[in-house]
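**Q** So you can see what is in the structure, the chains are spelled out below.
Protein chains: 2
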Amino acid sequence: MLTKWLESSGPESDIVVSNRIRFARNIKGIPFEIKATETDQEKILGMVSYALEELNVLKNSKLLGSQELTPLIIQSLLERHLISPDFAASKQKHAVFINNDETLSLMINEEDHIRYQVLSSGLDFELSLFQINDFDEQLERELEFAYSTELGFLTACPSNVGTGMRASVLIHLPGLVLTKEIEKVLRGILQIGLAVRGLYGEGTETKGNFFQISNQQSLGRSENEIIEIIEKAVRQVIGYEKKAREYLTQNAKIEVEDKVFRAQSILRNARIVTSEEAINLLAVLRLGVTIGIINDVSLKTINELLILTKPANLRIYYNKEMEADERDEKRATLLRNRLRGEAKKNGQN
Amino acid sequence: MLTKWLESSGPESDIVVSNRIRFARNIKGIPFEIKATETDQEKILGMVSYALEELNVLKNSKLLGSQELTPLIIQSLLERHLISPDFAASKQKHAVFINNDETLSLMINEEDHIRYQVLSSGLDFELSLFQINDFDEQLERELEFAYSTELGFLTACPSNVGTGMRASVLIHLPGLVLTKEIEKVLRGILQIGLAVRGLYGEGTETKGNFFQISNQQSLGRSENEIIEIIEKAVRQVIGYEKKAREYLTQNAKIEVEDKVFRAQSILRNARIVTSEEAINLLAVLRLGVTIGIINDVSLKTINELLILTKPANLRIYYNKEMEADERDEKRATLLRNRLRGEAKKNGQN
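Protein chains in written order, with this note's numbering: chain A, 1 to 349; chain B, 1 to 349.
Hints in this document: simulated from the structure, not taken from any laboratory. A couple of the hints might just be wrong.
[Claimed, not checked] With a Cα cut of at most 30 Å, we get these calculated BS3-like pairs of lysine-lysine: (1) B:Lys207 with B:Lys59; (2) A:Lys59 with A:Lys93; (3) A:Lys345 with B:Lys344; (4) B:Lys300 with A:Lys180.
[Unchecked claim] One-sided and incomplete, this derived list gives chain B residues near chain A with beta-carbon spacing under 8 Å: (5) Glu54; (6) Val57; (7) Ser159; (8) Asp258; (9) Ala270; (10) Glu276; (11) Tyr318; (12) Met322; (13) Glu329.
Given the structure is predicted, the values throughout are model-derived calculations rather than measurements. Beta carbons are placed, not taken as given, at the ideal position from N, Cα and C, and that holds for glycine.
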């Protein structure tokens with residue numbers, strides 16, 4: 001798997017899986033999507049594709065248009081956090097550009113004409129911001145965006161006006177969930193104007209104790225200011241999560257070990273595993289690795305398995321049409337092979 | 001552990017854990033327990049103890065009186081199927097005799113003056129009947145029992161009058177439970193006048209798909225006839241269970257493997273296991289062994305663990321007062337050590 005942001009190489013990556021910065025932009029002179037005709041949308045597609053070609057970013061990368069975007073591919077990109085649920089659900093003429101290590105993606109004809117994001121491992125907004133600004137500067141050489149000197153970038157939804165930026169982290173908080181402090185901490189996050197969501201953004205469930213924290217507003221502050229606010233809040237949450245893990249290690253050692261060893265042994269031995277069970281067990285295993293109970297599996301492997309075991313990615317991995325029953329078997333096989341294989345490689349069992 | 005009937009050495013012991021024959025007897029000239037005074041009960045205790053001494057059966061065996069029968073010991077004997085729930089609950093002056101390999105036990109002052117039972121492994125009523133008849137003949141040399149030439153042996157409850165005999169099997173029917181045929185089969189058992197009960201007899205729950213099948217009546221038929229009826233019925237149930245296991249192996253292989261490997265891996269890795277979970281997991285493991293999915297653990301070990309992991313036996317095994325929390329940890333440790341140890345011994349993992 002080439003997905004670089006799953007590598008668990010960034011700072012704080014025992015708690016923060018990844019961070020993401022997304023810019024929303026609209027091309028000057030073309031109506032927003034809500035009013036855009038099919039011709040407008042084709043024009044946008046054409047202009048952006050041309051720009052990407054001009055920028056010479058298409059080698060080793062993919063521009064997937066309506067033809068390539070089969071339901072399976074769409075689902076798999078959603079599972080890999082490369083497109084949004086809205087983009088996946090929309091029937092519009094759209095396309096998505098994905099760079100070779102999947103750290104950058106750009107949706108054409110989503111809610112805005114274009115939305116692009118940079119994903120990186122751990123809590124490294126600096127890296128992501130540097131990369132997206134670099135890409136943004138290049139794009140602006142080719143495209144002129146709708147912009148007001150008073151408001152900043154103009155977007156379809158008022159909540160994106162201004163910087164057009166959303167910054168978020170995918171954070172794993174099993175310690176706060178187990179110590180039952182999660183609600184208090186999340187309430188604090190909401191109070192300072194940030195949003196908390198599930199694994200796949202707005203309106204999705206929280207599973208396996210993974211949460212998304214992001215900024216709500218993008219107007220009235222600079223990109224750097226917004227990132228400062230969210231990074232500060234996330235660092236606080238990381239502090240609480242670390243304390244919770246410490247508390248658990250000291251005061252509920254056996255209960256946590258029980259949970260972790262059960263999860264590990266089921267992952268290594270089950271013959272049928274649903275997608276939901278996989279997330280939950282991998283999340284517990286992840287906790288086990290970060291607090292040192294498990295030391296024969298890497299966070300990178302767990303992060304990758306979290307994506308690979310999802311329905312569409314599993315189908316693509318096995319290159320095979322499968323009903324849900326067969327998927328559950330293949331998922332169990334993949335988990336077994338990867339988690340036993342890695343343990344063996346590390347000289348343990 | 002010396003408990004011979006857990007050895008899984010008898011016929012059909014992949015399905016029938018054990019068989020049991022119990023005789024109820026009352027001493028001529030002393031009122032039934034319901035009318036007996038404390039003096040009567042002391043007299044019974046004295047007469048039976050004397051008889052046992054005369055018979056020279058007390059070496060290597062135990063006669064446990066009110067002093068020895070602490071709540072812990074009573075509970076442990078109940079868990080080992082050596083006394084009845086009624087005996088355990090009663091506040092009367094009572095005692096119990098248990099032979100050295102725990103195949104024979106005799107309760108004094110239960111519902112009847114004395115009740116004795118022989119337990120043996122698998123479906124071997126012939127062996128049990130031979131042993132209990134042998135013991136019975138010896139006892140009759142020392143004690144005169146209340147007997148009517150018309151009715152046979154007289155007992156406190158009319159359902160025991162006649163032979164005073166109850167014959168039962170402890171049978172494991174996971175196949176019929178998984179194929180959902182169990183109710184139909186049990187209805188058939190009830191229709192021919194036999195009783196079906198849980199793991200610990202009348203009024204107890206069925207756990208881990210273990211059932212007790214026994215005769216209801218003991219009047220109007222000879223001991224051999226009663227045993228013939230129950231053995232025939234049990235053989236039919238065994239036939240159904242075997243077919244169910246065959247069906248599962250052929251048509252739900254992966255589902256059964258999933259269940260079995262999960263149970264095995266949890267038993268080998270959990271750090272906290274409740275009594276009820278232990279029964280259920282061991283029962284699934286037992287199925288796995290009998291259908292050949294698991295081959296590094298013996299049925300004997302599983303049968304023994306089913307008893308050893310019960311609360312009172314666990315306390316005695318570790319020779320330590322324990323609260324429920326600590327018991328759950330020790331239970332997990334015992335299961336882990338025994339099941340990993342045995343696997344290692346058998347050269348597997």
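**Q** Now tell me if each hint is right for this structure.
**A** We went through each hint and held it up to the structure:
| no. | hint | verdict |
| --- | --- | --- |
| 1 | B:Lys207 with B:Lys59 | 36 Å, violated |
| 2 | A:Lys59 with A:Lys93 | 23 Å, holds |
| 3 | A:Lys345 with B:Lys344 | 21 Å, holds |
| 4 | B:Lys300 with A:Lys180 | 43 Å, violated |
| 5 | Glu54 | 53 Å, violated |
| 6 | Val57 | 46 Å, violated |
| 7 | Ser159 | 46 Å, violated |
| 8 | Asp258 | 4 Å, holds |
| 9 | Ala270 | 5 Å, holds |
| 10 | Glu276 | 16 Å, violated |
| 11 | Tyr318 | 16 Å, violated |
| 12 | Met322 | 14 Å, violated |
| 13 | Glu329 | 6 Å, holds |
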